[in-house]
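> Residues per chain, in single letters:
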Amino acid sequence: METDIRTFLSEVFFLGDDPADLPASSSLIESGIIDSTGVMELVGFLEDHYSIRIQDAELAPENLDSIDSIVNFVGRKRAAVA
Amino acid sequence: MSAVHDGRGPVTASVLDIDCEAVTAEIVAAMRSIVGRSLRRQGAVVGVSGGIDSSVTLALCARAFGPERTVALLMPETDSFDGTLELSRGVATAFGIEPIYEEITPILAASRCYERRDEAVRQVIPAYSEGWKFKIVLPTVLGRDTYRMFSVVAESPEGERIEERLPAAAYMTIVAATNFKQRTRKMLEYFHADRLNYAVAGTPNRLEYDQGFFVKLGDGAADLKPIAHLYKTQVYQLAEHLGVPVEVRERPPTTDTYSLAQSQDEFYFSLPHAEMDLCLYAHNRGLPAESVADAVGLSEADVERVYQDIDQKRRTTRYLHMAPQLIAPVDLGHDS
Numbered sequence: 004m005e006t007d008i009r010t011f012l013s014e015v016f017f018l019g020d021d022p023a024d025l026p027a028s029s030s031l032i033e034s035g036i037i038d039s040t041g042v043m044e045l046v047g048f049l050e051d052h053y054s055i056r057i058q059d060a061e062l063a064p065e066n067l068d069s070i071d072s073i074v075n076f077v078g079r080k081r082a083a084v085a
Numbered sequence: 215m216s217a218v219h220d221g222r223g224p225v226t227a228s229v230l231d232i233d234c235e236a237v238t239a240e241i242v243a244a245m246r247s248i249v250g251r252s253l254r255r256q257g258a259v260v261g262v263s264g265g266i267d268s269s270v271t272l273a274l275c276a277r278a279f280g281p282e283r284t285v286a287l288l289m290p291e292t293d294s295f296d297g298t299l300e301l302s303r304g305v306a307t308a309f310g311i312e313p314i315y316e317e318i319t320p321i322l323a324a325s326r327c328y329e330r331r332d333e334a335v336r337q338v339i340p341a342y343s344e345g346w347k348f349k350i351v352l353p354t355v356l357g358r359d360t361y362r363m364f365s366v367v368a369e370s371p372e373g374e375r376i377e378e379r380l381p382a383a384a385y386m387t388i389v390a391a392t393n394f395k396q397r398t399r400k401m402l403e404y405f406h407a408d409r410l411n412y413a414v415a416g417t418p419n420r421l422e423y424d425q426g427f428f429v430k431l432g433d434g435a436a437d438l439k440p441i442a443h444l445y446k447t448q449v450y451q452l453a454e455h456l457g458v459p460v461e462v463r464e465r466p467p468t469t470d471t472y473s474l475a476q477s478q479d480e481f482y483f484s485l486p487h488a489e490m491d492l493c494l495y496a497h498n499r500g501l502p503a504e505s506v507a508d509a510v511g512l513s514e515a516d517v518e519r520v521y522q523d524i525d526q527k528r529r530t531t532r533y534l535h536m537a538p539q540l541i542a543p544v545d546l547g548h549d550s
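Same order as they appear, the protein sequences are chains A and B. Sequential numbering of the first sequence, starting at 4, is according to the numbering used here. Sequential numbering of the second sequence, starting at 215, is according to the numbering used here.
Careful, some of the hints might be misleading.
Claimed, not checked - Okay, the calculated beta carbon distance ranges per label pair:
1) B:ARG529 - A:ARG81: 28 to 34 Å
2) B:GLY223 - A:PRO64: 29 to 35 Å
3) B:GLY223 - A:PRO26: 55 to 61 Å
4) B:ARG499 - A:VAL84: 28 to 34 Å
5) B:GLY223 - A:ARG81: 48 to 54 Å
6) B:SER477 - A:GLU65: 26 to 32 Å
7) A:GLY19 - B:ASN498: 30 to 36 Å
8) B:GLU374 - A:PRO26: 46 to 52 Å
9) B:ALA537 - A:SER34: 24 to 30 Å
10) A:PHE17 - B:ALA537: 36 to 42 Å
11) B:ALA243 - A:HIS52: 42 to 48 Å
12) A:PHE17 - B:TYR404: 45 to 51 Å
What the hints assert, rightly or not - Dumping the calculated SDA-like pairs for lysine to any residue here, alpha-carbon to alpha-carbon at most 25 Å:
13) B:LYS439 - B:TYR482
14) B:LYS430 - A:ASP38
15) B:LYS527 - A:GLU65
Hints listed in this document are in silico derivations from the structure and should not be mistaken for laboratory results. Every residue, glycine too, gets a C-beta built ideally from N, C-alpha and C.
Whenever a hint applies, use it, and build me the whole structure from the sequences.
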């Protein structure tokens, strides 16, 4: 899952050649990697790719603002569905 | 010309009070210099919406260049608020200007503005069809730390309302299609400016200019922006001083872009303009949230959220202010 998310971020936001270089714990917003439109695109990607529905109350930095937090959040959502 | 906060104690609304006579004189002198000497044009064109900003801009142009060298362009379309035309005519008349009327609905229909927009709305609300109205809304920043996502609110002819969160593609398509409106208006403003050798005066206030609340090459395009340094609260003060009709001054700010009535603070800004102005003022001076919290009636935590939203919007809309980027500098042979 982490590789997919890194690839998505890298390809959509033109972040360089190697998705593995993206820091796992840095804030995607504060580091300027994504903006508010980027958050919409990220949410769409996660919902489509992992067949989950992200509720409004879950659209929080602790769930979506770093690669680590996204991986943990999506993992919890998928586990809850399974 | 305005009461400046000294950085100590609480901010009050009076910090935005201006000496309207002096501010008007300063702006009018600058406009004459910019248009005459820098731009070498002979008058100005203003797109008049019936809102406070375009009305004040028109009034300033009339003072700077005279009513006979100021064009008031009225450009309603099918989604415009019913009273838009009457208000706009009233503003032009108040400043001795005979307005020019350009109905833009046929141009928008030909560019498939409405069709493209409605297709995108139907991706989210399939029942949306003829006779329905809609708007785009954003949740409040207050009392929450979640990311805000745009929703579409659609209303059937029978009054049934449906609200759905917008996926990125549908949101961007709706905005892109709607942007035809501002760009079509700007195209017509430049038609009249070109034929008369006039400049186009843009109408953003400081809040809109700072926060990127404009369409690039649409209402964001202009040769000069006479009130871009003024907070909206100050624009209202100037409006009264300049004699903008009371119906315009008392009308709540609206985007007048979507078919359902939409306030600016449910689509874009975090707060109504008076409170938003004070937060922006305090944030611009590096003042802590506690210094402005009482004046805007919010908790310190909510003022912090507004500050963060201001910063976020600046980051997101930075590209709107950017000129076309060159790969290498090009020497144009003069300072520009």
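> The structure should be examined with respect to each hint, and the outcome stated for every one.
Here is how each hint holds up against the structure:
Distance hint for B:ARG529 and A:ARG81: a CB-CB separation of about 31 Å, consistent with the stated range 28 to 34 Å. About 33 Å separates the C-beta atoms of B:GLY223 and A:PRO64, a value consistent with the hinted range of 29 to 35 Å. For the hinted restraint 55 to 61 Å between B:GLY223 and A:PRO26, the CB-CB distance of approximately 42 Å leaves it violated. Between B:ARG499 and A:VAL84 the beta carbons are some 49 Å apart, a value that contradicts the proposed interval 28 to 34 Å.
Our hint of 48 to 54 Å for B:GLY223 and A:ARG81 holds, since their Cβ atoms are close to 53 Å apart. Roughly 31 Å separates the CB atoms of B:SER477 and A:GLU65, a value that falls within the hinted 26 to 32 Å. In this structure the supplied range 30 to 36 Å holds for A:GLY19 paired with B:ASN498, their Cβ-Cβ distance being about 34 Å. Checked against the given bound of 46 to 52 Å, the beta carbons of B:GLU374 and A:PRO26, roughly 47 Å apart, stay inside it.
For the pair B:ALA537 and A:SER34, the supplied restraint of 24 to 30 Å holds, since their beta-carbon distance comes to about 25 Å. A:PHE17 and B:ALA537 have their C-beta atoms about 21 Å apart, which leaves the hinted 36 to 42 Å range violated. Evaluation of the 42 to 48 Å hint for B:ALA243 and A:HIS52 yields a failure: the beta carbon distance comes to about 59 Å. Our hint of 45 to 51 Å for A:PHE17 and B:TYR404 is violated, since their Cβ atoms are close to 33 Å apart.
For the hint pairing B:LYS439 with B:TYR482, the CA-to-CA distance comes to about 21 Å; that is within 25 Å, so the pair holds. Distance hint between B:LYS430 and A:ASP38 is fulfilled; the C-alpha atoms sit about 18 Å from each other, no more than 25 Å. Restraint check for B:LYS527 and A:GLU65: satisfied, since their Cα atoms lie roughly 20 Å apart, inside the 25 Å limit.
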